[in-house]
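*Asks:* Numbers 1 to 985, taken from our numbering, label the letters of the sequence shown in order.
Since the hints were made in silico from the structure, they are not lab data.
Incorrect hints may have been included.
Cβ-Cβ distance ranges computed for the label pairs, FRET-style [as the list claims (entries may be wrong)]: (1) E84 with N135: 21 to 31 Å; (2) N838 with E674: 18 to 28 Å; (3) N838 with S278: 34 to 44 Å; (4) P34 with R839: 23 to 33 Å; (5) E689 with V709: 22 to 32 Å; (6) N279 with D322: 13 to 23 Å; (7) E584 with Y20: 41 to 51 Å.
Derived lysine to any residue pairs resembling SDA-like cross-links, with alpha carbons at most 25 Å apart [said to hold, decoys possible]: (8) K971 with G866; (9) K392 with S804; (10) K392 with G230; (11) K783 with K935; (12) K439 with N226; (13) K124 with N188; (14) K392 with Q307; (15) K345 with N287; (16) K935 with S804; (17) K698 with F666; (18) K381 with Q307; (19) K971 with I934; (20) K499 with E73; (21) K499 with S474; (22) K698 with E683; (23) K499 with T106.
In this text the structure is predicted, and so the values were computed from the model without any measurement.
For each residue, glycine too, the CB sits at the ideal point set by N, CA and C.
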Amino acid sequence: MYVGFPANCGSKNIGYVAVYSATYSAKDNSLSTPKEFKIELELKSSTRDFSSVDSYLTKEIQASLGLDVNRTEEQHGYLLIYPEAFASEYADLVNFRKAQGVEVFTITVEEILTSYEGVDDAEKIRNHIISAYQNDGVDFVTLGADVDHIQDRRLWAFDCNYGIPDENHIPGDIYYSCLDGNWNSNMNELYGEDDDEPDYFPEVVIARIPANSTADVRSVVTKILNYEKGTYEDYSVGLGLSMNLWPTSNSVLAQQYIEEMYYPDFIDNTILWDDDNSNYNANLMWNENPNIIQHTGHCSQNVMALQNGHINEQFVNQMTNDYSGILYSIGCWANAIDFNSIAEKLLNVDNHGITAFVGNSRYGWGSPSADAFGFSEFFQKEYARLLFHEEKSIIAESNALQKIPFIPYLSGISVYKWIAYELNVIGDSYFNLFIAEPKEFTVEYRSNGAVTEFYVTDGEEAVAGAVLYCSDESTFITDINGTVSVEDVTSESFSLYKKGFRFYEFETTQESETGFITVEFPEIVVPQEEHNATIRFRNSNETQLNWQVLITENEAIIGQLSGVADLSSDTDYIDIPFNQPSDEVVQISLIDTDSNLTLVARTITLNLAKPEIQQSSIDFVQYPLVEGQSTRCVITYSNTSDYPINSLDLTLSSEEMELTPSTFTFDEELLPNETISVDFVLEMLNDIENLPTLTIEKELNNQYYYLAVEAEILTFSLGDQPLFEGFEEEVEWADVEGWERVSTFAYEDEYSLSCRPTEFGTFDLDLPIVTYTEDLNFSFQYKFKMPMYGKDGFSVYVVNGLTSERILFLGSGGALRYDYIEEDWAEYNLTLSELLLNRPEEGTPITIRFSFEYYTANSSINDYAGNELIGVFFDNMRFDYGDYTDNSNSVVELNSQFTSYPNPSNDGIINIKHYGKAGSEYSIELYNLKGQKIKTIKDRINSSDKGITQLNINQYDKVKLPSGVYFIRYKSFDKVETKKILLLK
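Produce the entire structure from the sequences given, and follow the hints as far as they go.
*Replies:* See the structure below:
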């Protein structure tokens, strides 16, 4: 066990305990863990005198550690430090940061060195950062020059004893970020040793623009502005460059894992590895303007290695890409900020290269015995999680946060400490990466001379929190209704900024069309109570306007008012009463009652104070349920609303079981994200005709609103027999919005199940709860016809509490807008354990969820409600465990059609053994984890080859496939079966 010394994180003083809970025995190669252990801590007052306030970053860290944090929206403070000679070249960046609503502070190096005390230049600069943090509210700090102008601090982790000069003196800008202590308590000039009590919790976000000339500054600033303003059309390309770090390693697995677990669908990522990781291919892919690049490979100060080739100065000088976002490398010395490193060359090169680099100033740390993750890759994985799952898209912020989970392991001779010290960002500290398709602003405005009113949307809905920046440097923020009023405007030039949007610049040289309207709603709207919306508009017609304002929800009028407006006059502010029953989205329409024309319409999203709870888990002592037997059940609910729930009543009922107890009352406050559990015994009755169901009625309230929620109905499996449903009778669990029992098509008999949505949206259907085991199979007959073009599609998810994982997608694809993709009845046989990346524990109750996505209108060819011949159809659904087979005439046997071996495969050759009859037609399709089809084989089973087909998955379109998970989709006459395979090289 290791107890770390306490350190300040803003206003909090934090200590930590690292418990090594397993003991390794080399004698018998085993691990042993204690059944229980006890930790006793004795606390005493801190001796540190650094009194600090909270910053944006410290609040983020405190929240990640589970501490109570007041995370109110505040203006960010941004500090830029540069040599006096670079001041004019940074003016455009300074002005842009102001236009983003950031409070900007600038100071020259020369001013700092003459105004602050310190043992050297680095300490003087750090002392100014401490002052700016404490007194000015600075959150982000950019060092605007290379180390020759702004000194770096060399930190000491341990002596790695490799033998290269200066290898152990690690340039670490973390010194300028973690502001507690002086990093050299023992006064021996080795900064960052354990007995220096170094501070590992950062107060500010730090990055460095390694400029050595005004030309370097111009190059980097131009790239930052062009990127962040959304100048470029496409930010969706990803690139991976991976070489095997050691002969026995399979280093690409780390990048594949990161892509599969964290990358969003928005990023179209390509990983080059093995022989394909060459200069030619890297340059070719770089010219596609990748937004994010991951590099796994050996490096030095001037070179990043590929499997076949190098990224060096010659490579950089020959680059022709227009832009790239971030490059993250785990390689040694690639980001050695005390050299003219390859990272600096990629950043400083004019018009090409990258906009930010995250990497090591000294050695990256791998593990030759680990196939995928070495020590540096663990940081890289955490970085990707923060970037995409936590949406921490400010590059330097994620660099700071990726180190926090490793703080308990930074003591002693620790490679984690080495990595934490050396991971630096070059680029700007406030540089924000686009991790989704950038949205675009639309703006309307109206001025009466004294006041100019602006209304901002994304083309559909109002945009709250957008920064309106005026050319006189005044700044305003749009409210929840997307509106902002500016008095005594002297500017004609304006801009709009919000994270995730393209930067928008405009001039108020002419007024908007007739019907400009502003709306103000209450900050909190209570459902089913009367409220007032305040509305104002101006009539610019040459005649009197007879008007009507309507507030509608799902086309139902919930508020209306009529009146008259004279020529070119502002109406008074009008209070219009409305009732808001349930939905968060309403529409405001201004109508000319003489012509019945809608002059303007606004879509408004309300802050609806509705209490909500959601089931997070369900656990049984015994499951499936058995007639005549009792078992204990625990159901856990989570408060998924933004408001505390003051009371909650649950009433349980069932026709197939006795429940003890059946009512539950919770009077204690349930905070957002907190959970409560109901623990009861259910006794199954005998001679049950239908699947047992449990109805849960919920009544809950918060300080604003009482809500009786529509009853939740859970359907369970019964006994040890497989669940089978042919839909010849009405099924209660399938009676949900959008889903219908139809007689248009059926695999057998007369009926099947289909999704027939009348409106766009996602339509989910939860099947009866089943118990997960490694041999659980789920099969169904499936027939479909849907547009070839678009995003309509059907998915199968496995739901375990609040988490879900998609295991199958069957949707549209192709480029023919007015044609269909279709398939007659085929059986899909899913062995869940082979398809799940995150397998539940055996015995866990899970739910299979059918989800149909009705994305958008495609002429008339996807009118699922009106055209009964198109859509998705399901029949003969079945769960079974192991090799269960029903040989009755009404059920297709579930024996596998094929086996694939070896699995995993090391050479890329998979043998497919057929179990069909000789002469039968079959097709074999290979898919990657994104659902992209890699290759197809179609043939007949040939008895002369003993029913075995060889599938070579090494090659795809002359490009070798990387290691990872793939799926084989095998189709014969009326069956489709999918199995997972693993390719290792």
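*Asks:* Determine for every hint whether it applies to the structure shown.
*Replies:* Quick rundown of the hints versus the structure:
The hinted range of 21 to 31 Å is satisfied by E84 and N135, whose Cβ atoms lie roughly 23 Å apart. Between N838 and E674 the beta carbon distance is about 24 Å. The supplied range of 18 to 28 Å therefore holds. At roughly 35 Å, the beta-carbon separation of N838 and S278 lies within the given 34 to 44 Å, and the hint holds. For P34 and R839, the hinted distance range of 23 to 33 Å is satisfied, since their beta carbons lie about 27 Å from each other.
Our hint of 22 to 32 Å for E689 and V709 holds, since their Cβ atoms are close to 29 Å apart. For the hinted restraint 13 to 23 Å between N279 and D322, the CB-CB distance of approximately 20 Å keeps it satisfied. Under the hint 41 to 51 Å, the C-beta atoms of E584 and Y20, about 49 Å apart, fit the expected range. The hinted pair formed by K971 and G866 fails the criterion: a straight-line CA distance of about 31 Å is larger than 25 Å.
For the hint linking K392 to S804, the alpha-carbon distance of about 23 Å falls within 25 Å, and the restraint holds. At roughly 18 Å between alpha-carbon atoms, K392 and G230 fall within 25 Å of each other, so this suggested pair holds. Distance check on the hinted pair: K783 and K935 sit about 23 Å apart at the alpha-carbon level, within 25 Å; holds. Using a Cα cut-off of 25 Å, the hinted pair K439 and N226 holds, with the two alpha carbons roughly 16 Å apart.
The hinted pair formed by K124 and N188 meets the criterion: a straight-line CA distance of about 18 Å does not exceed 25 Å. Distance restraint check for K392 and Q307: the Cα-Cα separation of roughly 31 Å exceeds the 25 Å cut-off, and the hinted pair is therefore not satisfied. The straight-line distance between the Cα atoms of K345 and N287 is roughly 17 Å, inside the 25 Å bound, and the hint therefore holds. Under the criterion of a C-alpha separation no larger than 25 Å, the hint pairing K935 with S804 is inconsistent with the structure, at around 29 Å.
For the suggested pair K698 and F666, the alpha carbons sit about 11 Å apart, so the restraint of at most 25 Å is met. For the hint linking K381 to Q307, the alpha-carbon distance of about 22 Å falls within 25 Å, and the restraint holds. Of the pairs offered as hints, the one joining K971 and I934 holds, with about 16 Å between alpha carbons and a cut-off of 25 Å not exceeded. Between the alpha carbons of K499 and E73 the distance comes to roughly 14 Å, so the proposed pair stays at or under 25 Å and holds.
About 19 Å separates the Cα atoms of K499 and S474, which keeps this hinted pair within 25 Å; it holds. Restraint check: the Cα-Cα separation between K698 and E683 comes to about 22 Å, which is no more than 25 Å; the hinted pair holds. With a C-alpha separation of about 23 Å, the suggested pair K499 and T106 falls inside the 25 Å cut-off, and the hint holds.
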